[in-house]
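Listed here are the chains, written in short residue letters.
Protein chains: 2
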Amino acid sequence: MQAILKGLRIVEGSAFIAAPMCGMTLAGLGADVIRFDQLEGGIDYRRWPVTADNTSIYWAEMNKGKRSFAVDLKSPAGRELVTELICAEGADAGIFSTNLPARGWLAYDSLRQRRPDLVQHEIVGDRHGGTALDYTVNAKVGFPFITGPADDVRPVNHVLPAWDIATAYLAAIGILAAERHRRLTGEGQQVKLALADVALAAMGHLGYVGEVHINGTSRERHGNYLYGAFGRDFITADGARVMVIAVSGKQWQGLLEATGLAGAVAELAARLALDFSREGDRFAARHELAALLEPWIFRQPLARLAKAFDECGICWDRYQTVTDLVLHDADCSEDNPIFTRIAQPGIGTYPVPDQPMYFSQLTRTAPQPAPRLGQHTDQILADVLKLDSAAIGRLHDQGVVAGPES
Amino acid sequence: MQAILKGLRIVEGSAFIAAPMCGMTLAGLGADVIRFDQLEGGIDYRRWPVTADNTSIYWAEMNKGKRSFAVDLKSPAGRELVTELICAEGADAGIFSTNLPARGWLAYDSLRQRRPDLVQHEIVGDRHGGTALDYTVNAKVGFPFITGPADDVRPVNHVLPAWDIATAYLAAIGILAAERHRRLTGEGQQVKLALADVALAAMGHLGYVGEVHINGTSRERHGNYLYGAFGRDFITADGARVMVIAVSGKQWQGLLEATGLAGAVAELAARLALDFSREGDRFAARHELAALLEPWIFRQPLARLAKAFDECGICWDRYQTVTDLVLHDADCSEDNPIFTRIAQPGIGTYPVPDQPMYFSQLTRTAPQPAPRLGQHTDQILADVLKLDSAAIGRLHDQGVVAGPES
Numbered sequence: 003m004q005a006i007l008k009g010l011r012i013v014e015g016s017a018f019i020a021a022p023m024c025g026m027t028l029a030g031l032g033a034d035v036i037r038f039d040q041l042e043g044g045i046d047y048r049r050w051p052v053t054a055d056n057t058s059i060y061w062a063e064m065n066k067g068k069r070s071f072a073v074d075l076k077s078p079a080g081r082e083l084v085t086e087l088i089c090a091e092g093a094d095a096g097i098f099s100t101n102l103p104a105r106g107w108l109a110y111d112s113l114r115q116r117r118p119d120l121v122q123h124e125i126v127g128d129r130h131g132g133t134a135l136d137y138t139v140n141a142k143v144g145f146p147f148i149t150g151p152a153d154d155v156r157p158v159n160h161v162l163p164a165w166d167i168a169t170a171y172l173a174a175i176g177i178l179a180a181e182r183h184r185r186l187t188g189e190g191q192q193v194k195l196a197l198a199d200v201a202l203a204a205m206g207h208l209g210y211v212g213e214v215h216i217n218g219t220s221r222e223r224h225g226n227y228l229y230g231a232f233g234r235d236f237i238t239a240d241g242a243r244v245m246v247i248a249v250s251g252k253q254w255q256g257l258l259e260a261t262g263l264a265g266a267v268a269e270l271a272a273r274l275a276l277d278f279s280r281e282g283d284r285f286a287a288r289h290e291l292a293a294l295l296e297p298w299i300f301r302q303p304l305a306r307l308a309k310a311f312d313e314c315g316i317c318w319d320r321y322q323t324v325t326d327l328v329l330h331d332a333d334c335s336e337d338n339p340i341f342t343r344i345a346q347p348g349i350g351t352y353p354v355p356d357q358p359m360y361f362s363q364l365t366r367t368a369p370q371p372a373p374r375l376g377q378h379t380d381q382i383l384a385d386v387l388k389l390d391s392a393a394i395g396r397l398h399d400q401g402v403v404a405g406p407e408s
Numbered sequence: 003m004q005a006i007l008k009g010l011r012i013v014e015g016s017a018f019i020a021a022p023m024c025g026m027t028l029a030g031l032g033a034d035v036i037r038f039d040q041l042e043g044g045i046d047y048r049r050w051p052v053t054a055d056n057t058s059i060y061w062a063e064m065n066k067g068k069r070s071f072a073v074d075l076k077s078p079a080g081r082e083l084v085t086e087l088i089c090a091e092g093a094d095a096g097i098f099s100t101n102l103p104a105r106g107w108l109a110y111d112s113l114r115q116r117r118p119d120l121v122q123h124e125i126v127g128d129r130h131g132g133t134a135l136d137y138t139v140n141a142k143v144g145f146p147f148i149t150g151p152a153d154d155v156r157p158v159n160h161v162l163p164a165w166d167i168a169t170a171y172l173a174a175i176g177i178l179a180a181e182r183h184r185r186l187t188g189e190g191q192q193v194k195l196a197l198a199d200v201a202l203a204a205m206g207h208l209g210y211v212g213e214v215h216i217n218g219t220s221r222e223r224h225g226n227y228l229y230g231a232f233g234r235d236f237i238t239a240d241g242a243r244v245m246v247i248a249v250s251g252k253q254w255q256g257l258l259e260a261t262g263l264a265g266a267v268a269e270l271a272a273r274l275a276l277d278f279s280r281e282g283d284r285f286a287a288r289h290e291l292a293a294l295l296e297p298w299i300f301r302q303p304l305a306r307l308a309k310a311f312d313e314c315g316i317c318w319d320r321y322q323t324v325t326d327l328v329l330h331d332a333d334c335s336e337d338n339p340i341f342t343r344i345a346q347p348g349i350g351t352y353p354v355p356d357q358p359m360y361f362s363q364l365t366r367t368a369p370q371p372a373p374r375l376g377q378h379t380d381q382i383l384a385d386v387l388k389l390d391s392a393a394i395g396r397l398h399d400q401g402v403v404a405g406p407e408s
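Just so you know, the protein sequences line up as chains A and B, in that order. For what it's worth, our numbering labels the leading residue of the first sequence as 3, then goes sequentially. For what it's worth, our numbering labels the leading residue of the second sequence as 3, then goes sequentially.
If you're looking for bench data, these hints aren't it; they were derived computationally from the structure. Be a bit skeptical, because a hint or two may be false.
Pairs involving identical chains hold if they fit within one copy or between any two copies, as the list cannot separate such chains.
[Unchecked claim] Derived BS3-like pairs: lysine-lysine, alpha-carbon spacing no greater than 27 Å straight-line:
#1 K76 to K252
#2 K194 to K8
#3 K252 to K194
#4 K194 to K76
As the structure is a prediction and not an experimental result, all values here were calculated from the model.
All chains should be modelled from the sequences, with the hints used to inform the complete structure.
Printed below as a string of structure tokens:
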């Protein structure tokens, strides 16, 4: 954790990936992120992967470094407490991040009555008010039809929830931008962001939309070939699989140098009347270029290939399984300063990642574990809402709030 | 464009996706982002997709709303101009975002001599100083081996550059966080972020690392099944393919209601001794559940299925090709306020996306087109560096700077 946002407070009502990951990212930068939940936990409290006793590893990761406030959200008294938390005084408070239905008592127009300069960030599914999840959005925007082996027409879903991650980080940008604006002008606001719009905007940003409108073509299914330059997977003499890429001219020259294929490639360029210093021409001749590279790479054991490629500044890496990565790659261990072995409550001790940025003027400390559900209820009632222990005791007695399970 | 960051200035030296997309996102929020480039354009100036005359649609999209400064980066005079731009005075200036090699004259330790409170954000490939691109990072972290049909063991590369996008947005978070810190404390800093670390951290955040260490298992290849709950693709009577998901209890109940399969599903639960109110049990019986749903969905034409699913609040969407999306889906047209038809110089007029957030207190205006290379050179020399027209003329005569191609 690097506390560059120290002092900033965000109250979060969230579930699943995008909204919790936004808050977790801000907490990793030192913000005080208070997640409120139903007494028994929200709808993502048992999301897989779970441990043998059904404790969610996913939930713990998504809520690292936050404080947990467990409250009966159906009771008027519980709703009043959450409203007071969201609208608490202070230049660094008054930020509400949510992907719960922001209606009724959680509507921006209700909450701003209590704090006119509230910043309320809402993540929704799509712009029409419908639900959407990473997998449905990805089906809609077209990636499954252009992903996967070119000899197979079946659509291939992404496993990585890429749109959730993009939405999480964009939400954090929105919160920081709105907070900056409020600091400079005194004005708060509601910020809305739809998961589907994040994907749709990306389709434009990446050129997919322009390609159809301007060129009248759309991206085809190219298997593991990189689009628009040269890149593909290859197998080494000892059976390792490697991804090899030459986008820049320097990477391309390095590849010719490492493999000694400059002569054969020049002959190919002459035969096809192409200029391989142009990245697009490398893409046009990708099958022929791969046919030249394939036997060369297949003769190299991985260690020899690695040495040759690294010496020539080639952009490449080995395909690993998740197990290989986690158990045998130093980059996914404490050798990498973003990972620290910490105890996650109810789960165990293992290497947990911090947010991956390095701020030169701040010390990096270990990532903070997830809270137990309700772990900070009493602390928050005392330090944010200024309730005394008698009042806190009454809230427990009435079943309005809960502390952690014992 | 919604100018919530109006006044903030970022000087950018960048290529490819992550760093340019960071700046484009900040420009879409109203920041003055000045991209400097070699006189003839940087190494990403012809990146595909390109038009028939080799103008890059990709470059135009990645640089929307920026100002372009074309300069001879090999000349001492050109380097001095860029240094002055980066280190220009003002509380809103002094931010440098780059993924170029930040060595020599572009090193943070050199530049901070000129402006001690400089914020310099550097994106690098990996923590060891090596190059890395989205495709190599993805191979390393393991997704290709768990993506794609379960009956095919070949690794499947992502086509979406998800790690580039995540890095772009994280970089914007880093810049805004560091700028906030500087505003509050006066202290600038160097921020470093490795593309590979973004992916590695995500592997932890999403539970993949914990799953291996705690459970001793790792994610398998499940084809198009959603992990940990119920979801898969199905084909309708009229040949449409749909993604159907039931993560929450409400979505699951809706699915049973819409399909009338509650009885058959209850029978299945009894036979397998599972409780389908638990999302993990739905995952455990995913093949059997899919076998029940498949014939039902295959009897419904898309229109009837859509009506039934929408009425029951099911999370689903249709698989589309990119062409279908771009030409026939209103969400990817001007019907969606994030898209506006604008003229991109050298390319043409087509629907271009803005950043997808909505800030309630700001007006949304059309996304700004990309600059032509060098379009703002003279303007920047005059308004930022305060040079008079004679001095600007001399820089042109000496070949140190260039305006746009005529």
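Now the hints, each set against the structure:
With identical chains, the CA atoms of K76 and K252 are at most 27 Å apart between copies only, with a shortest distance of 17 Å across copies and 62 Å within one. In this assembly of identical chains, the alpha carbons of K194 and K8 lie at most 27 Å apart whether taken from the same copy (25 Å) or from different copies (19 Å). Proximity of K252 and K194 under a CA criterion of 27 Å is satisfied inter-copy only: 24 Å between copies versus 43 Å inside one chain copy. Taking the shortest Cα distances, K194 and K76 sit within 27 Å of each other inside one copy (25 Å), while across copies they are farther apart (45 Å).
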